[in-house]
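Visitor: Using the sequences plus the hints, can you model the full thing?
Take a look at the letters that make up each chain.
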Amino acid sequence: MNINIILVLLFNGVLLGLIYAVVSIGFSLVLGIGQVINFAHGLLFAFGAYIFWYISPIIGYWPAFIITPLIVGGMGYLIEKLVITRVYGQDPLFGLLVTLGISLAGTEIIRMIWGKLTKVVSTPGFAAGQVHFANIIYPKYRIALALISLIIILFVWWLMIRSNFGTIVKAGMTDSEMISALGHNLPVLRNRVFIIGSILAGMAGIVAAPLWGIKSEMGTDILMLAFTIALIGGLGSIKGTVIAALVIGIITSLGVLIIPRLVEAVPFILLIAVLFYKPKGLYGELTILGEVTAREK
Amino acid sequence: MNKVKVTFIVTLGLIIILGCFFITSSAAEPIKIGAVLPKSGNYAEHGEMELIGIYLAVEDFGGEVLGRPIELVEADDENNPDIGSRRARNLIEVEGVKFLMGGVSSSVGLAIGGVCEEKGALYLATNQNSDDFASVGYANKYMFHVAPGMDSLVRGAAEYVAENLGKKWYFITHDYSWGHSGTKWARNMLDQVGAEEIGEIKVPNGTRDFSSYLLTIANSGADVVALTVGGLDLQALYMQMNEFGLFDKMAVWCTLGNYEDSYPLNPEQRGMYIGVEAYWKESPGMIELSNRVKEGYPNAPLSVASANTYQGWLGMTALLKAIEKAGTTDVDAVIKAMEGMVICDNLRLEPTYIRPWDHQFLGVYPFVRDLQVEGVDIFEILFTYDSKDYARSLSENPLDLTAE
Amino acid sequence: MNKQYNILNDPFLYLLIFFGVFPFIPLLGKYLSLGTEMLIWILYSLSFNLLLGYTGLPSFGHGAFYGIGSYVTALVYLQFINNSKNIFLPVLAASLIVGMLAYFFGFIIRKKRGIYFALITVAFSQVLYIIAFKWTEVTGGELGITRLFRGQFLGIDLNNSTRYYYFVLIIVFLGSIIIRKITLSPFGKVLKALKQNETRVQYLGYNSAKYCCYVMTISGIFAGLCGGLYCLLYGAVFADNMHWVKSGDVVIATLLGGGMTNFYGPIVGSSIFVLAREILSSVWDNWMLLYGLAFVLIILFMPTGLLGMVERIKEKKHTEQFNNNNNKKKKDLEGIAHKEENK
Chain A
1173 MNINIILVLL
1183 FNGVLLGLIY
1193 AVVSIGFSLV
1203 LGIGQVINFA
1213 HGLLFAFGAY
1223 IFWYISPIIG
1233 YWPAFIITPL
1243 IVGGMGYLIE
1253 KLVITRVYGQ
1263 DPLFGLLVTL
1273 GISLAGTEII
1283 RMIWGKLTKV
1293 VSTPGFAAGQ
1303 VHFANIIYPK
1313 YRIALALISL
1323 IIILFVWWLM
1333 IRSNFGTIVK
1343 AGMTDSEMIS
1353 ALGHNLPVLR
1363 NRVFIIGSIL
1373 AGMAGIVAAP
1383 LWGIKSEMGT
1393 DILMLAFTIA
1403 LIGGLGSIKG
1413 TVIAALVIGI
1423 ITSLGVLIIP
1433 RLVEAVPFIL
1443 LIAVLFYKPK
1453 GLYGELTILG
1463 EVTAREK
Chain B
8 MNKVKVTFIV
18 TLGLIIILGC
28 FFITSSAAEP
38 IKIGAVLPKS
48 GNYAEHGEME
58 LIGIYLAVED
68 FGGEVLGRPI
78 ELVEADDENN
88 PDIGSRRARN
98 LIEVEGVKFL
108 MGGVSSSVGL
118 AIGGVCEEKG
128 ALYLATNQNS
138 DDFASVGYAN
148 KYMFHVAPGM
158 DSLVRGAAEY
168 VAENLGKKWY
178 FITHDYSWGH
188 SGTKWARNML
198 DQVGAEEIGE
208 IKVPNGTRDF
218 SSYLLTIANS
228 GADVVALTVG
238 GLDLQALYMQ
248 MNEFGLFDKM
258 AVWCTLGNYE
268 DSYPLNPEQR
278 GMYIGVEAYW
288 KESPGMIELS
298 NRVKEGYPNA
308 PLSVASANTY
318 QGWLGMTALL
328 KAIEKAGTTD
338 VDAVIKAMEG
348 MVICDNLRLE
358 PTYIRPWDHQ
368 FLGVYPFVRD
378 LQVEGVDIFE
388 ILFTYDSKDY
398 ARSLSENPLD
408 LTAE
Chain C
72 MNKQYNILND
82 PFLYLLIFFG
92 VFPFIPLLGK
102 YLSLGTEMLI
112 WILYSLSFNL
122 LLGYTGLPSF
132 GHGAFYGIGS
142 YVTALVYLQF
152 INNSKNIFLP
162 VLAASLIVGM
172 LAYFFGFIIR
182 KKRGIYFALI
192 TVAFSQVLYI
202 IAFKWTEVTG
212 GELGITRLFR
222 GQFLGIDLNN
232 STRYYYFVLI
242 IVFLGSIIIR
252 KITLSPFGKV
262 LKALKQNETR
272 VQYLGYNSAK
282 YCCYVMTISG
292 IFAGLCGGLY
302 CLLYGAVFAD
312 NMHWVKSGDV
322 VIATLLGGGM
332 TNFYGPIVGS
342 SIFVLAREIL
352 SSVWDNWMLL
362 YGLAFVLIIL
372 FMPTGLLGMV
382 ERIKEKKHTE
392 QFNNNNNKKK
402 KDLEGIAHKE
412 ENK
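Protein chains in written order, with the working numbering: chain A, 1173 to 1469; chain B, 8 to 411; chain C, 72 to 414.
Note that these hints are calculated values from the structure, not bench results. Note that the Cβ used here is the ideal one computed from N, Cα and C, for glycine as well. Treat the hints with caution; some may be incorrect.
Unchecked claim - Pairs of lysine-lysine residues, derived as PhoX-like cross-links and limited to a Cα-Cα distance of at most 25 Å, are as follows: (1) 39/B to 148/B; (2) 1450/A to 281/C; (3) 343/B to 126/B; (4) 126/B to 148/B; (5) 256/B to 1312/A; (6) 1411/A to 1450/A; (7) 209/B to 191/B; (8) 288/B to 301/B; (9) 182/C to 281/C; (10) 332/B to 343/B; (11) 39/B to 101/C; (12) 182/C to 1450/A; (13) 266/C to 126/B; (14) 252/C to 281/C; (15) 395/B to 328/B; (16) 301/B to 1291/A; (17) 343/B to 148/B; (18) 263/C to 281/C.
What the hints assert, rightly or not - Anything over 10 Å on all C-beta distances counts as not near chain A; from chain C, calculated: (19) 260; (20) 274; (21) 398; (22) 401; (23) 409.
Guide: What follows is the structure, encoded as structure tokens:
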């Protein structure tokens, strides 16, 4: 086996991981910090892709890149206000079911609006073509997307870890009463986190669309991946999500050399292992969901 | 009123109310024909195009056969064999349908075939390509296979590929039985055409990302990629092959592809060699069918007749002709009438023949290349072949459905 | 409170009557397969509700038990009894084998609760789904196993749809009675207590993990049984039913009827769910939209389900009546007091 091919697959895995990270990070934040299992994350991801596909020929690549996440964020706002606020504090299962319902209904709406045929996004001019190094051909577009993903991740990291907003929200997660007492509006905070999660989902859709095609099922497809990565990495932890995403990306990429048939099952097996031995995930923090595991032993 | 009675009445009431929606007309005069195909989910647009073909065939017969009106009953198989077979069963049990057709997914089709065998109804698998439909173990006398099996499609093209595209083949196999069958037949031809297998990759159903596979293949020294991948995964694969510049390095042979998969791509992204079941420009008859699609169904996903449309049309036409020939709607008589039938006015340049011992429809099929052009004329026909010469022979597939 | 058991007050009597005459109802009766499926779902959702409604364990992988039950039935049928065609063995095998798997699984996750429990069940069932889809040699892969014909049971040929319907009716009826007995037994009471406050139950000396393991086993046995009956109903098995989104079907059917608060909830919910799914999908291509919305509306506004709503309405009426009576009495008393004053 050629060392070249292993290196390239590794590189490919890292890039894949970065893209997976962007896809999962919104879900992880909403789950860890907002404490809602947002199964509509996949739907917002799909909307991001479809809306981008629809408006970019009209207003251009970069304007669409900025406007689409805002639209998706708006959708997230609506979902949060109308539905999620009613399930805060209740059994998290309800959050899961209600967002699952939204996802199913929303996917159907996508089909009704945009039809059943798959859509395709063309590579924008600035990233067309391939790079050639040592007998390997690699598409420039992927590299560009991976860089964009990296920028998005860094921005989110800054937002949540460094900025004031992030600190307040995290505090709100551990002690909501205190935060309210300090004068912060908790419902508004939660709403904002959900919107951020939705914007991220939308951006992820834009990033993933040209790679994987745009079809109405893309939301449900991605959901499994997102929550597996989020759980393995630890809810609400950006570092955890990124690391978990990279691990899965690399395994998926290299797996083709070893046991391609079982690659599909690997994320689930990892998930089962994590849920058993480290339910908080690699870097997760105790959340309301974690409370139940504290009851054990 | 106590809890018990309330429970009972609520249940009963709701069930009866819902049940009343099931009011069916009595099956007297019209001949009911069932179409079970995907209306939602992965293959919805394939299903829609197929249904249009079926409608057009009914139209061609004047909407009636044996002096009785044709009543088409449709059901959504949701691309799920469980649901598809359940709906088929309902059509037979409740509506009294004795003739069914349609479908895109092989697993659904085989399931429906099983139901039809159990219930004694006739089933035409119109767009499913697995060779299981005409194979020992699955085939039964109530099932007819309109679409060509992978045996014909692959073996018909293998020689051309080896002569013109390359002799070092790398296989991409969609990891389920249909995918395996494509690769199997390609392997079957290796010796005959002087090609060699460089490697194979099995790709799970629902794969989004083919990057690692493509990198491996690009590095393998093969000059032909022989792929048997379906539906939506095919589109993602297609786009990514383009991204990775694979079309510049090697020839890509898609053993079975559909217009619906190539059309949505941008012209610069195309470039495969494809085994198709029909192309709208292959004959004057087909062009006319296509025009009817465009004019009659402006909201359809495509504005031309795809292979799905044609095979839907062909299946219904064959059925109606058989009913006419048999002079009765008795299922066994219709089966006998269909076995060995030759259909000359099949819109194609060569007639269709329904082989009696395996109930397989045989005919002449095109092998195309898709072009980097705008518009709807996206395939270039490279050559045609007669599936009679390439479908499995009796010795390869010892079956005799006429004897049952 | 020891009420004398009055059979006339027992909902099961009426349900039995209703389902007993179902094949003879004018229009509805032709849908025998649908009716049989409804019955199977009733038992299936009752078994599921032991976990969700009674013990508070949200299992999203129940479809896996059901699916494995179907596969076991199909495989045992093909392997062992192709000749004598007695279907007792395959169905029994399905229940036992799935029961054992359920015990094993229940043991492993006996200490998990809440959302972690749910997520582990999803993960496990997806792994099983992937195996079922890929292990073509055994499960037939995506083609599944088809062309199974029902044999006989105790000498009665069950290929006839009506006879099979009654066969299933009897089994479902017996199974439901057993489940009901379980819920009313001391074991069942502990389960209910577990749902409300596990710590207290532990302090009372019960090993809650063991109970969770046991209820999982019992639930699994019945789910496997239902899977087997389903396999024989349609003569085929496919992997699709093991996908976790399909497991969501039984969750919604149970919640719809009111499984969280009422034993009979799943029965109502399943019947409506099975029927509605058929009707909606044949009427409207985009029916998934309504299905999704139904999910949302039920969770938001009717988490206690239909029967829960019925109970609330009854309570309201009771309170109203009570208040009316009180007001009347008040008025009477005031009236009398008034008269007294005016004298």
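Visitor: Hints first: check each against the structure and report whether it holds.
Guide: For each hint, the structure was consulted:
no.: 1; hint: 39/B to 148/B; result: holds, 20 Å
no.: 2; hint: 1450/A to 281/C; result: holds, 22 Å
no.: 3; hint: 343/B to 126/B; result: holds, 18 Å
no.: 4; hint: 126/B to 148/B; result: holds, 12 Å
no.: 5; hint: 256/B to 1312/A; result: holds, 17 Å
no.: 6; hint: 1411/A to 1450/A; result: holds, 16 Å
no.: 7; hint: 209/B to 191/B; result: holds, 12 Å
no.: 8; hint: 288/B to 301/B; result: holds, 14 Å
no.: 9; hint: 182/C to 281/C; result: holds, 9 Å
no.: 10; hint: 332/B to 343/B; result: holds, 10 Å
no.: 11; hint: 39/B to 101/C; result: holds, 17 Å
no.: 12; hint: 182/C to 1450/A; result: holds, 14 Å
no.: 13; hint: 266/C to 126/B; result: violated, 47 Å
no.: 14; hint: 252/C to 281/C; result: holds, 20 Å
no.: 15; hint: 395/B to 328/B; result: holds, 22 Å
no.: 16; hint: 301/B to 1291/A; result: holds, 21 Å
no.: 17; hint: 343/B to 148/B; result: holds, 10 Å
no.: 18; hint: 263/C to 281/C; result: holds, 14 Å
no.: 19; hint: 260; result: holds, 21 Å
no.: 20; hint: 274; result: holds, 13 Å
no.: 21; hint: 398; result: holds, 35 Å
no.: 22; hint: 401; result: holds, 38 Å
no.: 23; hint: 409; result: holds, 49 Å
The structure is inconsistent with hint 13 alone, although it conforms to all the rest.
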